[in-house]
Amino acid sequence: MSTTKTPSKADKTKEAIEKVSKYAEVAGEKLQEYAKPAFDFLVPKIPVAIEYSKKAIAFYNGLPQNELNLLIGAVYCFFGGLYPVLFAAAMAAEYGGRQTIYEAIKDLAEEATIIIEQSKKDDDVDQDKDGIKDVNQIEAKEFVQRKTLLVLQKMNPEKVDTAMASIYKVWLSVAAVLSIRFARTISFSLAIADFLNRPVDRYISPTVQIAIPDEYDRWVPVILGWISKSIAMSIAWWLETLRSAFASALKGGLMISRSIYDELLERKIDLGGLVTEKHTDTRFDEYMSYGFAAWGFYFQWRMGFGMPFPFNLILWPFEFAEWFIRWSITSA
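First residue of the sequence shown? That's 8 in the numbering used here, and the numbers climb one at a time after it.
By construction, these hints were calculated from the structure, which means they are not laboratory data. Each hint should be verified, as a subset may be incorrect.
No more than 25 Å apart at the CA atoms, straight line, and that leaves these computed lysine-lysine pairs for DSS-like [as the list claims (entries may be wrong)]: (1) K154 / K128; (2) K136 / K62; (3) K166 / K136; (4) K176 / K128; (5) K154 / K113; (6) K127 / K161; (7) K61 / K166; (8) K128 / K140; (9) K61 / K113; (10) K166 / K140; (11) K176 / K113; (12) K127 / K166; (13) K166 / K148; (14) K127 / K140; (15) K166 / K176; (16) K136 / K154; (17) K113 / K148; (18) K258 / K236; (19) K136 / K113.
Simulated restraints on C-beta separations [claimed, not checked]: (20) P213 / E124: 55 to 61 Å; (21) K275 / F306: 41 to 47 Å; (22) G313 / Y210: 44 to 50 Å.
Glycine included, each C-beta is placed from N, C-alpha and C at the ideal position.
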């Protein structure tokens with residue numbers, strides 16, 4: 008009479024690891040296939056992005072203080088609730104190392120420009136003189152290795168390491184400030200996640216574990232925990248967005264009205280005595296700020312406190328940065 012040997016837990020674990028390794032190998036091969044097209048698409052865009060960033064910074068630094076306040080006020084008034092954490096991080100970095108970040112990014116941009124120029128020269132190499140460039144004759148894996156070696160050879164590691172360390176130090180100080188500023192939101196988010204975890208562990212987790220192979224059971228609580236935390240973060244941060252939109256509309260509206268007031272004062276336009284030498288002697292600027300604040304909050308409300316299509320595609324770096332910072336300070 009033959010008996011069927013039941014696989015041990017170690018055998019199941021080994022089998023699961025082999026499956027994951029196989030999937031990872033397949034995924035790695037797929038990534039290598041797309042590496043060259045992605046490289047060819049992204050690399051030419053980096054110098055353009057760097058150049059436009061330099062022009063934007065020069066334009067920003069060249070603005071008169073009054074116009075600069077008007078621009079910043081408009082951003083806060085009409086978009087402050089869309090990226091509350093990102094704006095708070097920018098303000099924290101302003102006092103905690105804006106110049107340090109600027110210098111670090113400048114160094115990284117210089118290194119990126121050097122590597123891109125060397126990569127362009129490498130793309131034109133034809134060592135065997137057959138009329139076909141070498142990069143067009145190699146496999147995707149060799150292409151990745153070739154470009155990786157090029158980066159390692161042409162990059163200044165000390166310069167890059169110093170720049171990255173500077174950015175990380177500023178980020179730590181900014182994250183600490185944000186954790187304190189948004190402590191109530193973070194606490195609320197964690198409380199919601201804890202509340203959701205109980206019914207999820209009791210009702211959903213057992214059902215999912217039945218539906219999937221036994222070797223993946225250990226992943227169920229972890230993944231469901233991530234989902235619960237994501238839902239909790241969405242609820243808590245939506246409420247924070249609502250509060251931030253109202254507060255930023257008030258702040259931005261006041262900045263706009265003060266900028267307009269100062270401009271009228273500079274041009275000697277008194278509007279029948281409404282504009283006086285000191286804004287404390289009149290309430291005209293305050294009444295203007297109320298109007299701008301109401302307009303700004305209504306504008307954000309109509310957009311659903313989110314950037315509409317297609318602007319969300321154009322501003323995807325801001326969207327990504329906002330959610331990354333939210334997740335970082337909530338999970339810390």
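Hint numbers contradicted by this structure: Hints 2, 3, 4, 10, 13, 17, 18, 19, 21 and 22 not satisfied by this model.
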